[in-house]
Amino acid sequence: MSDLTLTQRFHAFANPARFMALSHRLVWPLGLITAALIGSGLYFALLDSPVDYQQGETVRIMYVHVPSAWLGLMGYMVMAGASLVALVFRHPLADVCAKSAAPIGAAFCFLALVTGSLWGRPMWGTWWVWDARLTSMLILLFLYLGYIALWATIEEPVRAARAAAVLALVGSINVPIVHYSVVWWNTLHQPASVFRVGGPEVAGSMLLPLALMALGFTFFFATLLIVRMRAEVLRRRVRALRLAGMEA
Amino acid sequence: MEHYFAMGGYADFIWPAYAIVAIVMIGLVVFTRIDLVRQRALLDALEGSLANKDGSRKRAPARPSGSELQPSEREQ
Numbered sequence: 046m047s048d049l050t051l052t053q054r055f056h057a058f059a060n061p062a063r064f065m066a067l068s069h070r071l072v073w074p075l076g077l078i079t080a081a082l083i084g085s086g087l088y089f090a091l092l093d094s095p096v097d098y099q100q101g102e103t104v105r106i107m108y109v110h111v112p113s114a115w116l117g118l119m120g121y122m123v124m125a126g127a128s129l130v131a132l133v134f135r136h137p138l139a140d141v142c143a144k145s146a147a148p149i150g151a152a153f154c155f156l157a158l159v160t161g162s163l164w165g166r167p168m169w170g171t172w173w174v175w176d177a178r179l180t181s182m183l184i185l186l187f188l189y190l191g192y193i194a195l196w197a198t199i200e201e202p203v204r205a206a207r208a209a210a211v212l213a214l215v216g217s218i219n220v221p222i223v224h225y226s227v228v229w230w231n232t233l234h235q236p237a238s239v240f241r242v243g244g245p246e247v248a249g250s251m252l253l254p255l256a257l258m259a260l261g262f263t264f265f266f267a268t269l270l271i272v273r274m275r276a277e278v279l280r281r282r283v284r285a286l287r288l289a290g291m292e293a
Numbered sequence: 655m656e657h658y659f660a661m662g663g664y665a666d667f668i669w670p671a672y673a674i675v676a677i678v679m680i681g682l683v684v685f686t687r688i689d690l691v692r693q694r695a696l697l698d699a700l701e702g703s704l705a706n707k708d709g710s711r712k713r714a715p716a717r718p719s720g721s722e723l724q725p726s727e728r729e730q
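As you go down the protein sequences, you meet chains A and B in turn. This note's numbering numbers the first residue of the first sequence as 46 and each following residue consecutively. This note's numbering numbers the first residue of the second sequence as 655 and each following residue consecutively.
It cannot be assumed that every hint is accurate.
Now the stretches of chain A that chain B is said to cover, found in silico as 3 or more residues with beta-carbon under 8 angstroms [said to hold, decoys possible]: (1) 103-117; (2) 163-171.
One side of the interface only, derived from the structure: several residues of chain B facing chain A at Cβ under 10 angstroms [said to hold, decoys possible]: (3) Met655; (4) Glu656; (5) Ala660; (6) Gly662; (7) Tyr664; (8) Ile668; (9) Val675; (10) Leu682; (11) Val683; (12) Arg687.
Derived list of chain A stretches under chain B, where covered just means 3 residues or more per stretch with a C-beta under 8 angstroms from a C-beta of chain B [unchecked claim]: (13) 144-156; (14) 268-275; (15) 282-290.
Derived by calculation from the structure, the hints in this document are not laboratory data. Note that this is a predicted model, so its numbers are computed, not measured. Glycine is no exception: its CB is placed at the ideal position from the N, C-alpha and C atoms.
Put together the whole structure using the sequences plus the hints.
Have a look at this one:
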């Protein structure tokens, strides 16, 4: 191992066969941790947490809305980060990772919008406003959909990966816009209350279910990403074998 | 119990929010699982037919050269 350069070591982990062997062992343990976290999170979120003095019971929507929104953003960061690695280092699994992350991120982005809307109707009196946070989140969803559509339109994986990676990187400008929208503009959406200078503003009794759900959703994302990557590696082997079969 | 499900009068918003999250997350798991099983079946079938074409018991290479997944092989 010692005579390998750093790049070679880096690529050793990128070997799809090694990835398939390692990921196979990871899926079930990760799935069980996910189930335990979301299960206990749901218990506190729906049964053992207080009502908010202003929002009443609707505060319970926050326990699925906030983790969904975080994952919607994190999914994009995973996608853009993997796209960068794919473009710069030609890491063989990077574009598999980026492609696999997109539908999960898009789903959570959609869930953040829908659950936010279901909270907004009773609390703000409207399903939707063209507020900076909501609008930038909607743009994030469209970026995800554009990325997924681009993969679907270009049949050759190497070319599709390159085009999609460029789109993901250009679109990553929207990530800080979503995050800072509540600071830069006067939004109806409230500012950050967990990851903020000076620590969380949320009461402990509400922070516990939120943290459990956020961790659970993150593990869900990781588990699903690995399974999707496994399916994608198999899909490419199928494609390669079919091409080889046609040539023979 | 009824009191609990009423959610302080906000049942119409809280339960649909949890329901859509559950539907989408379970849907993701189901579709991903179906895709994985399908790709594995396709691969097994292809490897089987290629092995038969060779007329030998030799298994078809799982990672044929020319696949875009193995640019690192040359360096080893």
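Do the hints match the structure? See the list:
Here's how the segment 103-117 of chain A fares: 6 of its residues keep a CB closer than 8 angstroms to some CB of chain B, so the rule of at least three is met and the hint holds. As drawn, the segment 163-171 of chain A meets chain B at 4 residues by the rule of a beta-carbon pair under 8 angstroms; at three or more, the given contact holds. The criterion of a C-beta within 10 angstroms of any C-beta in chain A is not met by methionine 655(B), whose closest approach is roughly 12 angstroms, and the hint is violated. With a cut of 10 angstroms, the hint placing glutamate 656(B) at the interface with chain A is violated, because the nearest CB-to-CB distance is about 14 angstroms.
Contact between alanine 660(B) and chain A, as hinted, is supported at the beta carbon level, the nearest pair being about 9 angstroms apart and thus within 10 angstroms. Interface restraint check: glycine 662(B) against chain A, minimum CB-CB distance 4 angstroms, threshold 10 angstroms, status holds. The criterion of a C-beta within 10 angstroms of any C-beta in chain A is met by tyrosine 664(B), whose closest approach is roughly 5 angstroms, and the hint holds. The interface hint given for isoleucine 668(B) holds, since its Cβ lies 5 angstroms from the closest Cβ of chain A, which is under the 10 angstroms cut-off.
Satisfaction of the interface hint for valine 675(B) is found here, the shortest Cβ-Cβ separation to chain A being roughly 5 angstroms, below the 10 angstroms cut-off. With 10 angstroms as the threshold, the beta carbon of leucine 682(B) comes within range of chain A, its nearest partner Cβ sitting at about 6 angstroms, so the hint holds. Restraint check, valine 683(B) versus chain A: the minimum CB separation of about 7 angstroms is within 10 angstroms; hint holds. For arginine 687(B), the interface hint holds, since its Cβ comes within 10 angstroms of a Cβ in chain A; the closest pair sits about 7 angstroms apart.
Closer than 8 angstroms: that is the beta-carbon criterion, and the segment 144-156 of chain A has 5 residues meeting it against chain B, so the requirement of 3 holds. With a cut-off of 8 angstroms between beta carbons, the segment 268-275 of chain A has 4 residues touching chain B; three or more are needed, and the interface restraint holds. With a threshold of 8 angstroms between beta carbons, the proposed coverage of the segment 282-290 of chain A by chain B holds, since 8 of its residues qualify and at least three are required.
Checked against the numbered hints given earlier, the structure breaks hints 3 and 4 and satisfies all the rest.
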